[in-house]
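S.K.: Protein chains in written order, with our numbering: chain A, 1 to 247; chain B, 1 to 302.
Keep in mind that the hints were calculated from the coordinates and are not lab data. Fair warning: there could be bad hints in the mix.
[To be verified] Covered stretches of chain B (in silico footprint by chain A; criterion: 3 or more residues with CB under 8 Å from a CB of chain A, positions within the stretch not fixed):
1. 3-15
2. 52-65
3. 104-114
[Unchecked claim] Pulled from the structure, derived: some chain A residues nowhere near chain B, Cβ distances all over 12 Å:
4. Leu22
5. Ala32
6. Ser121
7. Gly164
8. Arg191
9. Arg194
Just so it is clear, CB atoms sit at the ideal spot from N, CA and C, and this is done for glycine as well.
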Amino acid sequence: MIARLLLALVLALPAVARAQDLPLVAALSQTAVEVSTGFTGASLMVFGSTEGPIGPGGDEVLVVARGPTRPIVVRRKVSVAGLIWVNGPSARFAQVPGFYFISGTRPAWQLLPEDERQRNSLGLDSLPLTSTGARSPAFRAALLGLESQSGLWIEDASAVEIAGSRLFHARLPLPAAVPTGDYQVEVLLVRSRRIVARQELAFRVDRVGTADRIATVAEDQPFLYGIACIVFAALAGWLGSVLFRRG
Amino acid sequence: MQVYLPIAEMSVDAFLLVGIGFGVGWLSGLFGVGGGFLLTPLLILIGIPSPVAVASGANQTLGASVSGLIAQWRRGNVDAKMGGVLLMGGVLGSLAGVQLFALLRRIGQVDLAVSLFYVVVLGTVGGLMVMESVRAILRRRSATKRKLHEHFWMHGLPLKMRFRRSRLYISIIPPFVVGFGIGVLSAVMGVGGGFMLVPAMIYFLGMPTSVVIGTSLFQVVFVAANVTLLQAVQLGTVDILLTMLLLLGGVAGAQFGAAMGTRLRGEETRALLGLLVLSVALSLLWGLLRTPANLFSSGPAL
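Chain A on its own, in the form it takes in the complex (with noise of 0.2 Å):
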């Protein structure tokens, strides 16, 4: 991976050169990311250079990536009658990340005073997350409990890599469960607390193959679709039974 990332940067040094003015300049190992039958999670890359020497009292990096959003239940189990466990209150948030990801050169909260932090949503707590339904805010809790054990929210991992003193690179770990569509990776430059510079990547999960075309005609012709898990497994059942029976 670091091989790849140093040709990378090789390949992409000319830019960087011909940028030197530009305070940030970043890129993306990989512009979009292919989900298959096989696939088992993915890694990207994002890398670039700053102007001046990244370290505390010099330049610092964010990078903040976010996943379509889709709308989420939190369910909370209650005991009836001291016995078994149902679902019980719920809250709906209307817009969760599918997929969210922060980290630094240090962890947000030391970088960037409160307010700017929460007004450019950068760590997990400072989410926009509006609920209806259940007001407690344990579901918000719970949420971010249940996101950050699948992998799906991941913040300050591991921190953003320095090579030399200006060349930095963060490993973006997308899990299976990874959800399909449009992601933005913004990467910020930070100098003495203000967000001086940033620049926005973007890539895109998309379904190939065969987990596409199954995935397609399910959600286009889910009645053709029907019919033929019907016949795929009448006619697996019966190859099956002719062919033990003659071996």
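Got chain A; can you put chain B on it based on the hints?
M.R.: Chain B in isolation, oriented as in the chain A frame:
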């Protein structure tokens, strides 16, 4: 080898699925039942979402029962007329069951309902099977011949019809109701219902044992097909890749199981099956009773 299931939207070990299919197929071949009642809870246990597990379980049951139906049909062990009446009930029942399932999913109680259905149905059936077979083993020597059929209130119902293969002249209401009930269970639990249909046909409808297996397979195949179609159209939860991986192991397992099954005696087989059914019910009951590790769960909002 990890494989990405396009409908469940998750990555699962393909060998694990084939292995589960083989194990369940082996047991179903051994005991002569579809095995859906084992499959769906196992799928939920390895983390497949309940709606996908139920829908794909029904789809797998269809495939697993087809070869049995063909074999029984060739031997003339299928009472198509009785099967047709059962099927009418079954189709309406599965239609009602899928609506019930969609409603449960909207209010967020699918997991509870699936577990409760399993605990109640499997607990009852398993308990009865164990009791009945233990009694049969104990009374093996002092065997008394059962009457061909007994007359009770059921025989006073209207709409009588003659079922030649089953040598019965009964009202179509009881088989229709039985079929309807199995249809509902099939849609909610993702099972074929053979393990309940067979005793219901013998003890409730009074059908001769020779046509019971074939006729129940007839009903199971068509009701499972109907459930598959309805779940695919209404909920979009049938994962064909999951089904095929399960069938790959299941079809092979069933042949081995069936070969071994011929060496076991009827009562012992039924006692073992009863114990198996009962233990699945108890493990699911435990899942409902123990304090969950995480009180919160999340899912897509519908």
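S.K.: Each hint: holds or not?
M.R.: Hint check:
Given a C-beta distance limit of less than 8 Å, the hint that chain A covers the stretch 3-15 of chain B holds, as 7 residues qualify and 3 suffice. Closer than 8 Å: that is the beta-carbon criterion, and the stretch 52-65 of chain B has 6 residues meeting it against chain A, so the requirement of 3 holds. Given a C-beta distance limit of less than 8 Å, the hint that chain A covers the stretch 104-114 of chain B holds, as 4 residues qualify and 3 suffice. With a least CB separation of 40 Å from chain B, Leu22/A remains clear of the 12 Å interface cut-off, as annotated.
No Cβ of chain B comes within 12 Å of the Cβ of Ala32/A; the nearest lies about 16 Å off, and the non-interface call holds. Chain B leaves Ser121/A outside its interface by the beta-carbon criterion, the shortest separation being 20 Å against a cut-off of 12 Å. For Gly164/A, the shortest C-beta to C-beta distance to chain B comes to about 37 Å, beyond the 12 Å cut-off, and the non-interface label holds. Residue placement check: Arg191/A keeps its beta carbon more than 12 Å from all beta carbons of chain B (closest about 38 Å).
The Cβ of Arg194/A lies farther than 12 Å from every Cβ of chain B, with a closest approach of about 36 Å, so its non-interface assignment holds.
Of the numbered hints listed earlier, not one is contradicted by the structure.
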